[in-house]
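Protein chains in written order, with the working numbering: chain A, 1 to 408; chain B, 409 to 491; chain C, 492 to 769.
Hints were generated in silico from the structure; no laboratory data involved.
Note that beta-carbon positions come from the ideal geometry of N, C-alpha and C, so glycine has one too.
Warning: the hint list may mix true and false statements.
Derived CB-CB ranges, DEER-like [to be verified]:
1. R309(A) - R521(C): 34 to 40 Å
2. T635(C) - G222(A): 17 to 23 Å
3. D520(C) - T418(B): 18 to 24 Å
4. A617(C) - E59(A): 20 to 26 Å
5. A658(C) - M198(A): 30 to 36 Å
6. T466(B) - G646(C): 39 to 45 Å
7. R25(A) - G662(C): 56 to 62 Å
8. D520(C) - S447(B): 37 to 43 Å
9. I706(C) - P438(B): 32 to 38 Å
10. T609(C) - R63(A): 38 to 44 Å
11. W215(A) - T460(B): 30 to 36 Å
12. E59(A) - L452(B): 35 to 41 Å
13. M198(A) - G659(C): 42 to 48 Å
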Amino acid sequence: MTRRQEIEIRPRRTEAEMETGRRARVLMKGNEAIAEAAIQAGCDAYFGYPITPQAELLEWMARRMPELGRVFVQAESELGAINMALGAAATGARVMVSSSSPGISLMAEAMSYMAGSGTPVVLVNVMRAGPGLGGIGPSQSDYFQATKGHGHGDYRVPVLAPDSIGEAMDLMATAFELAERYRTPVMLVADGILGQAMEPVELRFRTPERQAFDWALTGAAGRPARIIKSIDLDPEVLERRNLALQHKYREIARHETRWEGWRLGDAEFAIVAYGTAARVARSAIARARDNGMKVGLFRPITLWPFPERELARMSRQLHGILTVELSSGQMIEDVRLAVEGRCPVAFHGRMGGLVPTPDEVLGALKALRGRVERTRAASGHSPAAHDRGTPSTNGAGLDAGARPGGRG
Amino acid sequence: MATRQPLPWTPLVVAVDHCKGCELCVAVCPKTVLALDRSRVNLLGYHPVVLTDATACTSCALCARVCPDAVFTVWAAPREEHR
Amino acid sequence: MTLDARSSGALRGAAAARLVYRKPDVLVDRATHYCPGCGHGVIHRLLAEVLTDLDLPAHTIAVAPVGCAVFIYDYLDVDFVEAPHGRAPAVATGIRRLRPEAFVLTYQGDGDLAAIGTAEIVHAAARGERITAIFVNNGIYGMTGGQMAPTTLLGQRTTSSPSGRDAGLMGYPIRITEMLAQLPGVTYAARGSVADAGSIGRLKAMIARACRVQIEGGGFAIVEVLSNCPVGWGMTPQESLEHLKGPVVEAYPLGVIVDRSAPSTARPAAAAPTKPEA
């Protein structure tokens, strides 16, 4: 059974298409493709600050936005950029910022304010290795930051995780839609590989419809003044505001959860992975299948809301799950919460900017299968053990910037 | 102060329940006709300002200029009247 | 209504009083949360008068700070967005870039502008953002209980400088408006005071000039207001105004620090003319 949440793509004739003389596919760098997709989605304003590995996104915007008469500002810092975005979004504009992990940390404060005041802004995090200044290689070590709340307070932010440049382009339009529909900041997470790699992409873009906002600040001519704020010193009022936020998040979870299943129909094992890790997983799964192992891929596309119900249902048929991440293991906690002990959940990951190889992942799958078989032989029933593998250190990771194995 | 005819209008309307008794108006009034009414307390809990002698007020509006709480509305004599 | 005497529509010969002053409608008719004698109230009123005189309220999008004036949107009846502490100039930049036709106003205290928000104000000024910034300098952090600010005077006792501000440990007060005035993107930078009726009148003229700079297509405009904090300073309201006229104005000279614009011909009638300085 393979399920895919269909993401509607409405092809439109765009300037880019006409520019390239009706070429169907163009080689584009991820950062630039994401930027152009945002532009085609109707982004009115971009605010940013240079940081590796997403400087090309800012530079694309610096060239294209003035061409189109739209707003581009290189701010004095990510702090400046996100607050400019907050102000611009308060006027009802379609607004975007991009950064990489350390810059996203600086944006955390404003994200809390945007969540609390209902201000829609799209953020792109091209994740790099941390913590601290870290390195410029690809990473997924911002999963906690993205899904558990970068800033203070009781809020959530929808997080979209593409695994290809083409999907990233489409999810940019989705990001603006979600931000405006639910009046919330929305984050799209990529990593240095997606940002830096060049792939042939179809120049198909979506432009979400504009709505009239009854909350936007436009000057109180002929109407009562509007206030966009997040403060409420009366605890009962603030609780009501928080309850409304929680209701909103339940609605988002109900309607906007996205994930992809691949070769899960007869699967006894599954890999749970997103982004670049999912691409590596597909290669590993193809090889495992060749070896007779029935394994599939469960790929969350929204990291929040996490597809916990679907994963929980899947886990009833599985003997074991391997989570693969470019980190010490962050999403694995959400995997374990969803699986609730129905089957063992193992882990394989690399850090520091290294990317797991298909061979490493295949090895981890085999180790998981071996452990499951031993446990079943010993006790005669499915184990409920939580056996967390340590990150593999056989040093076979990819260099930053190299292309991972293609989709199987 | 010389005795004058009582005025059919008042030079000063005070938003009594916005006053915080800071007395900046009392200090600035060149005719010293403003004072806190210590016989009462307003909704904020302060002694509000009161005009003690309407006939001596020149409607200069310095009180309105220095008041942090915009409590004063100031009226002046009709042009036909001369003091 | 301004301080100009206006006829209330009295008929010739009828003994009807003339309205001399009424607060403008854009200043909301409610009691404020500010302490007795606090300069914020005066500055809010002056802003309301100037916005009304220049017919701006319907076009205004303003940015509220964090500090005692966090609730300014309850007192000025215009569109407002709350900014995180210090970020108002960046938020205003976003508004200005997306709304070329709006009148964009920021209002910040000394912590908001001169401490946590120093980068934001410097760069908004450097970019020459066409906004009007009001900087309320009372040399203390009022809302949080009276701690030291970047503009606290040497020797001044606050809850975080209980023995008095010591230059060696805590540095020197910052004349941030003079710093900003050097930037070519700054069209107008001035410092006024709420210390007495005359100062208030001159301050109003500065605020009006700073707003006109924006309307006339100039760059960044800032008015620093020397204001009081009676409770934080441990003084009566009247004592606090005397303090403003003494040590505070010695540290922060009044006047127009820079005016790179062509002077407007029209000036508010009740205000003394301000001379641009070199």
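Tell me the numbers of any earlier hints that the structure contravenes, in ascending order. As far as the earlier hints go, 1, 2, 5, 8, 10, 11, 12 and 13 are violated by this structure, in ascending order.
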